[in-house]
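Asks: Residue numbers (my numbering), protein chains in the order written: chain A, 1 to 377; chain B, 1 to 297; chain C, 1 to 261; chain D, 1 to 391.
No false leads were mixed into what you were given.
With a cut-off of at most 20 angstroms between alpha-carbon atoms, the simulated EDC-like pairs for lysine to aspartate or glutamate come out as follows:
no., chain 1, residue 1, chain 2, residue 2
1, D, 258, B, 133
2, C, 21, C, 233
3, B, 30, A, 234
Quick caveat, the hints were computed from the structure, so don't treat them as lab data.
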Amino acid sequence: MPLVLKESSSELLVPPNRHQMPPPAPFRWRSEKGALNVLGIAVFILALAVPFITASPYVISILTAGLIYVMLALGLNVVVGYAGLLDLGYVAFFAVGAYTSGILTTTFGFSMLEAVPVTILVCIVAGIIIGGPTLRLRSDYLAIVTLGFGEIIRLTARNLEITGGATGISGIPSWSFFGWDMADGLVIAGIEFNGKILLYYFVALVVGLVGVGGISRLSRGKMGRAWKAVRDDEDAAEAMGINTYFTKITAYIIGAVWAGLAGQLMGTYLSAISPTSFTFLYSALILMAVVLGGMGSTPGVIIGALFVSLAPEFLREFAEWRYVLFGVLLVVTMIFRPQGIWPANAVFPWSPALAARRARRAKATEAPEDSAAGRPA
Amino acid sequence: MTQIILNGLFVGSFYALVALGYSMVYGVIKLLNFAHGDIYMLGAFVGLVILTAFPGLGAGATIPVLMLVLLISMLASGFVGVGIERVAYRPLRSAPRLAVLITAVGMSFTLEYGIRQIFGPSPQAYPLRVTGDPLPVFDAQLSSAQLVLMVVAALLMAGLGLYVDRTREGRAMRAIALDQRASTLMGIDVNRTISRVFFIGSALAGAGGVMAGAFYGSVDFLMGFTIGLKAFTAAVIGGIGSLYGAMIGGLILGLLESFGTTWVGGEWRDVFSFACLILFLTFRPTGVLGTRVVERM
Amino acid sequence: MSVRNTLLEVKDLHLQFGGVKAVDGLTMSVHENEIVSVIGPNGAGKTSAFNCISGFYRPTAGSITFMGKSIMRARPSRITQMGMARTFQNLRLFADMSIVDNVKTAAHATMSQAWYDAFLHTPRFRRTERACEADALAWLDFVGFSGDPEAFVGQLPYGGQRKVEIARALATSPKVLLLDEPAAGLNHTETQHLMALIRQIRDLGVSIVLIEHDMGLVMDISERIIVLNYGREIADGTPEEIRNNPQVIEAYLGSDEEDAQ
Amino acid sequence: MEKRFGSFKRVGTIVVAAACMALTAGCSGGVAGGGNSDTGGALKFGMLAPFSGSESAFGEYMKNGATLAVDEINAAGGVNGQQIELIAEDEACDATTAVAGANKLVSQGVIASVGGYCSGATLPTLPIFLQAKIPMVIAAANSDDLVAAKQPNVFLVNGTGTQQAQAAVKFAEKSAAKSIYVIDEGDAYSTNLSKAFISQAKEAGLNVSGSTTVTPTDKDFSTDVDKMMKAGTDFVYYTGYYQAGSLVNHQAKAAGYKGIFLIGDGAVDAKFAEITGKGFTDNVYGTFTMTPDMLQDGGAWSAAYKDKFGTDPGPYALQSYNAVKVMAEGIKQAGSTDMDKVDAALHNLKDFSTASGSISFTEQGTLTDAKFVIVTIAPDGKFVLSDRLEG
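Next comes chain A alone, as it looks inside the complex (with noise of 0.2 angstroms):
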């Protein structure tokens, strides 16, 4: 007797034939997905292990910013990748973010733990007042009117006491529970972790990681597909019971409160913050991390987030050119390989062998045409 398994109401329509419901998926091992599972797994105990090798604060701290723009990035993907809304003023919800924090722990005396679900509520709206009247826009205004919105915070925060004014915010206390601070350091095991820096590269790790979990969770569930649709064809998936707008703007709620959570990591990471480091280029280049590494790809962001952080710190005549470079790259892509570094629908780089050759194989059984159409039910 085939599970039926739909709970809803008896109305709805169902499928005569349907399979019987296919075992829960085992964890394969043996498919991409699983190696690709396993690879991210690798990688992040590889990051674990880097602070016991080198503990020099330089590359703890160029490392901790590098997890910053991953989280940046895996934010904006999700506007940008999965839902196809071109966002370039990004770093405005960054800036929300820091600053919320900021203020709330300097000036009204929060603690850094109460401050998170200020922001998070503060980034919704924030995501709703910007993501509402510009959703319905076609994608070329939208790109303007998000960079006009960047701007417009940056400029508030620069001309606001409240938010300091053009010095920004100082003295931001770093996370602390329960009366112990992160700032004077943690003994586990005899192994002395002293120094903010190293514990904020762990935080930011594991919170990266989250996000890479969470975020290509979301991106196969219903809400993913639905970000899919609405970026391939906004008529098609309104024609499909998707409500388009509702998709998109949940799309930026969660990229705005994703890029929220990162702002008020680099706040007390920093312990300062000031507008300049909230300008429309921040934005370009986490836009540049997102399309180098491939729009819509989890693993790909990640390289492109890493590659725009961390490249200009090791190659040090790079900083001077990255500007220009960044621009000839980002017009070399979108004309060469659009789909970046790390293509989205290939798990694998070298996946489109594999997916040409999986089509291939569809043709060959979908050739006799007159078979299975059309089967008494």
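Dock chains B, C and D against chain A, hints included.
Replies: Structure of chains B, C and D alone, referenced to chain A:
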């Protein structure tokens, strides 16, 4: 009061000149050319190169020299605009809209930071200075230089208006704006016309750059970014795609900004103009002159 | 035929693009479990009427009620959720998604899965995903698609894509299915399969509204035919009545007086 | 398909194993981190200056000034017998880059910090150097927030906003200004200076008729100029940088402004005259610290700078030179590189003679006498001494 209006109109004529390029390109191939603001900057730097190469020029009577420099940099920026379209936008003509927009952002970065590497980050003084003694206009004053520049801008815009309305190429442009495929069937060489649109739009922006350099006296690699955004706002206010809309939109934005700065203060100037952009796009996306285009399935 | 209650009721519908009157006073209705064809010369306003009914165009006048509720101002997604799905004349599948994902998107309205279910991979997420996957595969099987569901839509032949689009429309569990020229571009055998498929869908209790030019298919399968010309219906009846209705013939073949001049 | 992915499973496990080994092996050495292991060799002086971003022109001048001082000290036998090595890192006038640069300097074992240009970027590096027990002599950044941080290891060799405002008020009184109008650019430096000036001018009973903020990235300031003219202004104090300052001056004069146009030290640069144009440089004055050409042996200093770097000394080159000299003197008198000893030595430094006069520090680490003077534009476009404000 009239002083504020005069200031607004003067700044507005610069916005209009650059906005024309935006509207033409958008009207014809529905492309938001982010790099358009940077061509304004490029025009200014071409003028700078000419003037530093021939120092004698700066000393002579300013107006004829200005016209000569204007002409050369308009040609140069025009060809750069055509080059950009040929290299970056033509291969993506059938690509999804997102890809073309991102390419435009990439091209804008390449131009901005390319010029920065050549001319250095700090602003350069402009060898040619257009200055004139102030002429009293009611209770306010407008310097003769400002008057000359506004007249030149008006002439350029009028010339463009005639070109688009009267000539054969102009009709071809309007045809492509309505339906690109149909116009190819009517024997219009679409690629050549689009290159011509880029040429004219960029030349006008280049002219704006030279005039700004001559009047204000300094040019830097980021001047294109701000004016690009303002020009787009002007194009939207006027009704993107319509040429006269761009002209009117530019003047309106200039006035809005100068009144805004007087009431609210200089630091809120950019916030004020972006707010106008967002309000217009939300409540009246087709702008003052734009026609309501029904999106056919 | 027993008197079945009407699902869709269109009264005096008007739609104008600038000067062009695309739909000019159309009145029609669709009853439960029925196959209705809408035919008419090119430019008669068939697809425009379709787009008004499915919410993509906002009509200038008249009324459209579906299961008793007016859907004049409803969004297309709301109309689909209420049970009226449609396909498109020029095959609008999601190119970047696999075939099974294409069909799974259609279950969006009926699936009860919040975004945090996916984020936290809760049991409800796994259960609803499996149910949705099973439904999608079943619908693909039902329409006779036997290729690899993980392949990309773009790699399928035209006939295969047609089937996937119908499967996707069915996955929204509709009560009325609007098919916009489903037989366009199909060869003879494929048209036969389509006819059998449409009857099967009707047997599931779904009424079908068909825009079609293939007169063989229309005459063979329809219980009722509505003929449109210049934006309004000029005939509405069984295939036999329509076959020899003078106005229909005139609309299609032009009247004798015109030839005489 | 089967065989193809077996290898992934193996690759995955190998990578995981390697990571664990690294974890155990490296665990002893790596974690200690922090702290400056004294390698005995050269005394490393760290300098953060803007080498990219909008202010990158000033990074080179600062580095050259500091290098000149380091070479002079090393030639004279170094400090306590040890040679000095200068390490410059990019601050890009941005908090994130400055923090990364500061951490890089700490990890390279610097024992002193002599840089700092943008106040907004220098502020977040203060706790990093404090935690690494590194004394700081800040060459250019002079916002009062740096003093408000109340860190014992922070010393400023550039006069703060408050001290520069004192000089401007004295000059306004001397020129009997009847209606003063203050213009700033909304950034950290210019708002700090304009607020300090307005409060002190009001205390001194001067009539401040109004103030406004301009957007530096714009070119057209006619509306701001119009507001200034309507206030019947006869004395303008522009506290921003030369890029916009020169345009505001030009447009004010074009609109018929005849009064004094005083500018802050940020705008005192030969480019100001170049951009504002010939015939628009009269009545332009600047509050500025002593420049080499104003000093008795100043000429020799700029000559030494010129033959080493081939160009004239730019703004803040002198302050960076002084910062290195002061830090070296502090370490010499403290006899060690320990932060607390050096801080104490710097605090009781009495009239240490430098290229721009004698230096001693107040309690909060600022100059006791910032010696701001009034400069004006000479016919050749350069800024020259106009009034020592001694009287």
